[in-house]
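Chain by chain, the residues:
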Amino acid sequence: MRKNIGLTIISGLVFAFLFIPLLIIVITSFGEGSTITFPISGFTLKWYQNVFQSETFTASFKVSFQISMIATVLALLVGIPAAYALSRHSVRGKKLIKGFFLSPTVVPGIVVGYSLFQFLVISLRIPVFQGLLFGHFLISLPYAIRVIGSSLEQFDFSVEEVAWTLGCSKIKAFFKIVLPNITSGIFASFMLAFINSFNNIPVSMFLSGPGVRTLPTAILNYMEYYYDPTVSAVSVLLMIGTIVLMLLIEKTIGLSSVSK
Amino acid sequence: MSFVNLTDICVSYDGKTNVLDQLNIAMEKGELVSLLGPSGCGKTTTLRVIAGLIDTVGGKLMVDGRDMTKIPVHKRNFGMVFQSYALFPHLTVFENVAFGLKLRKLDKSTIEARIKEVLEITDLTPYGNRYPKQLSGGQRQRVALSRALVIQPKLLLLDEPLSNLDAKLRVNMRTEIKSIQKKLGITTVFVTHDQEECFSISDKVAVMNGGEIEQYDTPENIYNRPRTEFVARFIGFENFIPLTKTSDNHYLAENGNAFQVVKQGDEEGTLATIRPSDIKITPTNGESRNNEIQGQVLVRTFLGNSYQYDVETSLGKMVATGPCDKVHQSGEKVTLYLPEQKIVLV
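If you read the sequences in order, they're chains D and F.
Its first residue numbered 1, the first sequence is counted upward by one per residue in the working numbering.
Its first residue numbered 1, the second sequence is counted upward by one per residue in the working numbering.
In isolation and in its complexed conformation, chain D is listed as follows:
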């Protein structure tokens, strides 16, 4: 029992360490002062109003949402067949290919961002939005392949083979038998890739251009000039968004199946 009490105290402390800064941000977002201070004096919602009125934040949110959404969907469209091929067939140099697909998670983000900048912006002169999209697609792809790959690994392929023997063509069997059984993996990889892409700074920073920037870079940029609770308000809104997303997952397929 004593051991349990010790454990409870430690986990309580860890939780507090992680949670209190978030709580402070929530509180500061309601402060009346024009800089972020804690404890706050007075209560106001004007910073939230400020967020929605600020062209910087609304525009960059739109960009971020579009980029992350399209990049993640593209990553899934490429990642699902790739993960399937990698787990189903004994491809020559399988390890190398797997390593290559996972490299963006191994290589530091700043290096990925810089090399994409060199390649896409300097050499190819690709428009800013498309460049950003490509960069985000690239950082999302490993998540798609990794997570879907691991759920394919748990899938018994004789289930697919039996569908063939029953008269199902290979393509049809993939859609009717394989896909329905890896939906939780697809959903999980979508969430992970989307959140990762939405929060990404290094790649976005290098690839942003005039008028096109993602929300995190916009926040960073804003903070360099103004240190007011608008930033706290944006953070709180992002937290709420994430919580709603998580609740949605919990309601539909259960969090445990995503983290599996």
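I should point out that these hints are in silico values taken from the structure, not numbers from a laboratory.
Glycine included, C-beta positions come from ideal geometry on N, C-alpha and C.
Be aware that one or more of the hints could be misleading.
Stated by the list, open to error - To give an idea of the chain F side of the interface with chain D (calculated C-beta under 8 Å), a few residues:
id: 1; residue: His90
id: 2; residue: Gly100
id: 3; residue: Arg104
As the list claims (entries may be wrong) - Interface residues of chain D toward chain F, partial, derived using beta-carbon atoms under 7 Å:
id: 4; residue: Glu55
id: 5; residue: Glu161
id: 6; residue: Thr165
id: 7; residue: Leu166
id: 8; residue: Gly167
id: 9; residue: Pro180
id: 10; residue: Asn181
Since chain D is already given, all that's left is putting chain F on it; use the hints.
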């Protein structure tokens, strides 16, 4: 021409070594043929070749007078049951069984009637709305069987379908499979490594080793008259004595012991083999007559309905079993008598 003909089938995974080497089997309509052998002998590979899940590098597969070698798996219309049952986890029992029928574009009432009929045969009528994970092992097995049968396949292919069941259920299920198979008269290939299971269910058995068929015969003949040393060892012959032929039916062992053998056919082999249970073990009588070996008991093991004796003889170690009412002590000198009808030459 038989109903199913595999002619010179060759399979290679790496292009260099053959997993199956010039394999030939013929099956008659309505037969249940088992492929028996240790793991890695190529029996599952053979089944997968018939199913169309593995491409051959040579040879021909004919079924019902039609060349199936190049027909893709989904157009063969062979029902298959996998070792893991491979039920569709996201579909109910009814939907699992309906899967193959829906692909055949049959009308709804025909589909329902056929499913109803097959679920009745396999005793699954009350479970139509359940999902696979809500079923016991035996029930899942029967769903897999129903799903394969409902498409009225030309061939039924069973890949170790009983190995995941517990011992008692396994015996029940194999009788059930046999009776369903006979009732529907469906030609069936059954892969197993369990010889008891194989003998009890099959019309014919192909014993496989290293990608080749060692012997293809009725279960009785395989059990009593193995043709090769591998088959003999695999089905429980434990004593092997090299002989030299002196005249018809008369042979001499290395130590000068004379053996008489009753041949069943034209066996040319000179390696005599006999099951432990066919050797008669008695206290020593001093002199050696034909088909007798003197020896000394090394180890005695209790088997339940008998004792097994490891006996040291001048022809090496022999294994014999004896009844429980006449016990020999270890160290005791005994005579082993090898009845001439029970000796098999391989």
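> Where does the structure disagree with the numbered hints, that is, which hint numbers, in rising order?
Replying inline: 4
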